[in-house]
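K.L.:
Sequence:
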Amino acid sequence: MLKYKAVYDLGLTAFLGDENSYSHAAAQMLTDGKLKGYDTLSKVIDAVISGATDAAVVPTENSVEGAVNEVYDVLSDSGLYIAHQIVLPIRHSLIAAENATMQSIKRIRSHPQAIGQCRSFLSKLNVTVEAVSSTSAAIALVDGESAAIGFKPKAGQKAIATGIQDSMLNSTRFSLLTKARSEKGGTVSVSFDLKNSPGSLFNALGVMSGAGVNMTRIISRPHRSGDGRYRFFVDFDYADDTVALERFLEKVACACDGLWFLGRYDVTVADNI
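Just so we're on the same page, the numbering used here is the position in the sequence shown counted from 1, plus 116.
Hints should not be assumed to be uniformly reliable.
To be verified - Have a look at the derived ranges for each label pair, beta carbon to beta carbon:
id, residue 1, residue 2, range
1, Leu-285, Lys-152, 28 to 34 Å
2, Asp-193, Asn-330, 26 to 32 Å
3, Ser-316, Ala-168, 36 to 42 Å
4, Asp-357, Lys-270, 44 to 50 Å
5, Ser-220, Ser-316, 38 to 44 Å
6, Glu-246, Lys-152, 23 to 29 Å
7, Asp-373, Ser-166, 37 to 43 Å
8, Gly-374, Gly-279, 29 to 35 Å
9, Ser-336, Lys-270, 16 to 22 Å
10, Ala-168, Asp-373, 31 to 37 Å
11, Lys-295, Asn-242, 20 to 26 Å
12, Glu-362, Met-218, 53 to 59 Å
13, Asn-312, Lys-270, 24 to 30 Å
14, Val-243, Ser-316, 30 to 36 Å
To be verified - For lysine-lysine, the following BS3-like pairs were computed, each having C-alpha atoms within a straight-line distance of at most 30 Å:
id, residue 1, residue 2
15, Lys-150, Lys-268
16, Lys-150, Lys-240
17, Lys-367, Lys-300
18, Lys-295, Lys-270
19, Lys-222, Lys-240
20, Lys-311, Lys-150
21, Lys-222, Lys-268
22, Lys-295, Lys-274
23, Lys-222, Lys-274
Derived by calculation from the structure, the hints in this document are not laboratory data. C-beta: ideal position from N, C-alpha, C; glycine also.
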């Protein structure tokens, strides 16, 4: 397994699921410290916010299904920073009990993102599809008539189909979240709100374009206030020093109705897990 030693000396890191999850694999690659699994994403994030853990590893975006909205919805207001990201190839399996056959399966469970990544495979089956909180939770519910979409089987289980994701290029980006802000790395993430006026998004992005900054990702989410506004999340390449970055962000902030620095970090792309 590819191993990446984290930027920080982490004592305990939260992740989603158990040792059979993709999040566990990502956490192992990002830190040599101890790991603690939680059964929901909100609990994973709350663990580092509360100080119960030193960091958290969370999925933030899938190449097929897009952003993990639950993470983006809390990131701006969490007080956490992205310290590093790792992109893992995702190769889903249909996991069932040892004595199960494809014909005996009546129900398939998984996390909503995993279900969405396997739509073509699932459309060919006459089964009930049920969303649960994680792939680990789905694997724990496997029995003679129920299977799960996930990473790898537990003892007493087997993979009755492998590589069932729609795209062979399927990958998920995981973020290491900490309370400590890094001043190094080639990628910067920010979020911002905009004034309700013509050209406000154009003006904000124009500051970045005018500075020659290469934006690599832009995502919008409905504002949590419920007032019809949107919050925007932007990643961009950045190689200059911290002082230059602060001055640049001040210019961007002048075109916004609030700007949040989400982290400066490097991105590792894993060939395998």
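K.L.:
Confirm or reject each hint.
P.N.:
Evaluated hints:
no. : hint                          : in the structure
1   : Leu-285 - Lys-152: 28 to 34 Å : holds, 31 Å
2   : Asp-193 - Asn-330: 26 to 32 Å : holds, 27 Å
3   : Ser-316 - Ala-168: 36 to 42 Å : holds, 39 Å
4   : Asp-357 - Lys-270: 44 to 50 Å : holds, 48 Å
5   : Ser-220 - Ser-316: 38 to 44 Å : violated, 56 Å
6   : Glu-246 - Lys-152: 23 to 29 Å : holds, 26 Å
7   : Asp-373 - Ser-166: 37 to 43 Å : violated, 30 Å
8   : Gly-374 - Gly-279: 29 to 35 Å : violated, 44 Å
9   : Ser-336 - Lys-270: 16 to 22 Å : violated, 39 Å
10  : Ala-168 - Asp-373: 31 to 37 Å : holds, 33 Å
11  : Lys-295 - Asn-242: 20 to 26 Å : violated, 48 Å
12  : Glu-362 - Met-218: 53 to 59 Å : holds, 57 Å
13  : Asn-312 - Lys-270: 24 to 30 Å : violated, 51 Å
14  : Val-243 - Ser-316: 30 to 36 Å : violated, 47 Å
15  : Lys-150 - Lys-268             : holds, 21 Å
16  : Lys-150 - Lys-240             : violated, 41 Å
17  : Lys-367 - Lys-300             : holds, 20 Å
18  : Lys-295 - Lys-270             : violated, 34 Å
19  : Lys-222 - Lys-240             : holds, 13 Å
20  : Lys-311 - Lys-150             : violated, 44 Å
21  : Lys-222 - Lys-268             : holds, 20 Å
22  : Lys-295 - Lys-274             : violated, 39 Å
23  : Lys-222 - Lys-274             : holds, 16 Å
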